[in-house]
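> Next come the chains, spelled out residue by residue.
2 protein chains.
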Amino acid sequence: MKRAVVLLSGGLDSATALYIAKSKGYRCFCLIFDYGQRHRREIQSAKHIAQKTACPWQLLKINLSWRGSSLLDKNIEIPKSARPGLYKARSKVPNTYVPARNIIFLSFALSCAEAIKAEAIFIGANAVDFSGYPDCRPQFYRAFAQAKDSGTNAGRKIRILTPLIKKSKAEIIKTGLRLGVPFELTWSCYRGARRPCGKCDSCYFRAKGFSEAGERDPLIK
Amino acid sequence: MKRAVVLLSGGLDSATALYIAKSKGYRCFCLIFDYGQRHRREIQSAKHIAQKTACPWQLLKINLSWRGSSLLDKNIEIPKSARPGLYKARSKVPNTYVPARNIIFLSFALSCAEAIKAEAIFIGANAVDFSGYPDCRPQFYRAFAQAKDSGTNAGRKIRILTPLIKKSKAEIIKTGLRLGVPFELTWSCYRGARRPCGKCDSCYFRAKGFSEAGERDPLIK
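As given, the protein sequences belong to chains V and F, one line each in that order.
Position one of the first sequence corresponds to residue 581 (this note's numbering), numbered consecutively onward.
Position one of the second sequence corresponds to residue 581 (this note's numbering), numbered consecutively onward.
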C-alpha cells in the first residue's frame, strides 16, 4: 500500500488534504506541530482528526524562540482581517506570517517520508482565499520540489502534493463535505480562545467559504 | 552591523564557516542542533566553539524519531570509510546520511534569519572531500535558494552562503588555521566515543585533510 506523510495543522484545509490523501488510497502518517502557536488548541483539533481517521500521527515540538510573528508573540496584536483582495494588491504580508513555517514543516515531512519510504507528502496550502503568505504559493512549492530532488536521497521518488492550492475556500469545503471531513473537529481562529473570534483572517476566510458553499459552519452555534 | 545565522555542528567545516563569517564582519548567531545524533559530543564542541567566539548561540532539539540513518540508530553499523572516489563512482550514499538533515537545518536558519533580520546564513557544506550526501552539493543550495526567494517574506534579502563547498579538506584546514579556528575544540568522528575511531568517513576525511595540509590534528595525540 502506498504511503503518504500528511501535514496536519487542525485547520479545515489540512483536514481536507488528509481526507483527499486517504481517498486516493494512501496509508497516511500525520505530522502535527507544536511551534508555540498562540492558537494551540488547533493542536488538539489535529490530534482528534488524526484519531478519527485512525491514522498514526506524531506531534513534533519545535522551538521558534526568535518569533517574528503575531502567532508566536502575544505582545503583537493579531490584525483584523483586511479582506483578501488587499493582500494581493498591496503585496504586504500580515504579521500572522510565521517566518519559514511551511519550509520547516515540509523539511520534517521530507525527512519522515524518506525514512518511512513514503511516496508522497500532502500539504493543504491554498493560494486563493489566503492571507498572501509567500509559502502558500505555487511557485514556492515548485521551487521546494527542486530542492527535494537535488537535496535528498529519495529525490523524485517522493512527490509533494498540494491538492487545494488553486481551490477557493468554498470548493475546499464542498470537497471536504463530500469526503466526510469532520469540520466540527477543525479549528481555524488565530486567537484560539474558546470560540472563534470572527475577526481574524482565518475566521474571515472560513466564514466566507461556508457562506459561498451554502453550508453551515458546525463551529458556529 | 550586518548579521548572520551560522549553522554550527561542532565539526571543523562549520567552525571554519563561523570564523569566515566573523572575518567578513558579520555579527553571528549560531544554531546548534540536537537531532539525536549518535556522536552527540559534537554538540558540546559546537557550544565550546560558539563560546570561544563570544557569539550568541541556541541549541535546538529536534525529534527525528523515524530515523533512517546509522547516525540516528545504534542498531545500524556505521560503515568504515569506503574512500571518497567510491561514492562519486557508484553514486551510492552511505547509511550515515540523515534524511533531509541539511534541509531541516537550513529551514530553521531561514526562520531565524528572517526574524532577526539577518542578511546571511552560513553553512559549512562541502562537496569535495565528502561522503556523497546529496544535501552537500552546490545544486541543492542553488535550488534551496530559489525556495527561499519564493517562500519567505525576506526572500532575496537573505543570502545562503557556502564558502567551503568547493574547497578540499586541506584547504579548509589551512583557511581555518589562518583565521584561528580552535580545531582542538572541534569533533568529527561519527562514533562519538572518547577518542576518534579513525575508521569512519568523517575521521578519514579529517585525517586526509590534515595530512595534505601538512599539519597535525590537535585531537590526535
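A portion of the hints provided could be inaccurate.
Label-pair distances were calculated between CB atoms; the ranges are [said to hold, decoys possible]: (1) F:Glu795 to V:Pro659: 53 to 63 Å; (2) F:Asn655 to V:Gln638: 17 to 27 Å; (3) F:Lys604 to V:Pro762: 35 to 45 Å.
With a Cα cut of at most 20 Å, we get these calculated EDC-like pairs of lysine to aspartate or glutamate [unchecked claim]: (4) V:Lys697 to F:Asp653; (5) V:Lys641 to F:Asp614; (6) V:Lys627 to V:Asp614; (7) F:Lys641 to V:Glu792.
Simulated coverage check for chain F against chain V, where a stretch passes if three residues somewhere in it have a Cβ under 8 Å from a Cβ of chain V [as the list claims (entries may be wrong)]: (8) 642-649; (9) 680-687; (10) 729-739; (11) 753-766; (12) 783-790.
Hint data in this document are derived by calculation from the structure and do not stem from the laboratory.
Quantities reported herein were computed from a predicted structural model and do not represent experimental measurements.
Quick reminder that beta carbons are idealized off the backbone N, C-alpha and C, glycines included.
> So, for every hint listed, does it hold in this structure?
Cross-check of the supplied hints:
no. : hint                             : result
1   : F:Glu795 to V:Pro659: 53 to 63 Å : 57 Å, holds
2   : F:Asn655 to V:Gln638: 17 to 27 Å : 20 Å, holds
3   : F:Lys604 to V:Pro762: 35 to 45 Å : 53 Å, violated
4   : V:Lys697 to F:Asp653             : 16 Å, holds
5   : V:Lys641 to F:Asp614             : 13 Å, holds
6   : V:Lys627 to V:Asp614             : 11 Å, holds
7   : F:Lys641 to V:Glu792             : 43 Å, violated
8   : 642-649                          : holds (count 8)
9   : 680-687                          : holds (count 7)
10  : 729-739                          : holds (count 7)
11  : 753-766                          : violated (count 0)
12  : 783-790                          : violated (count 0)
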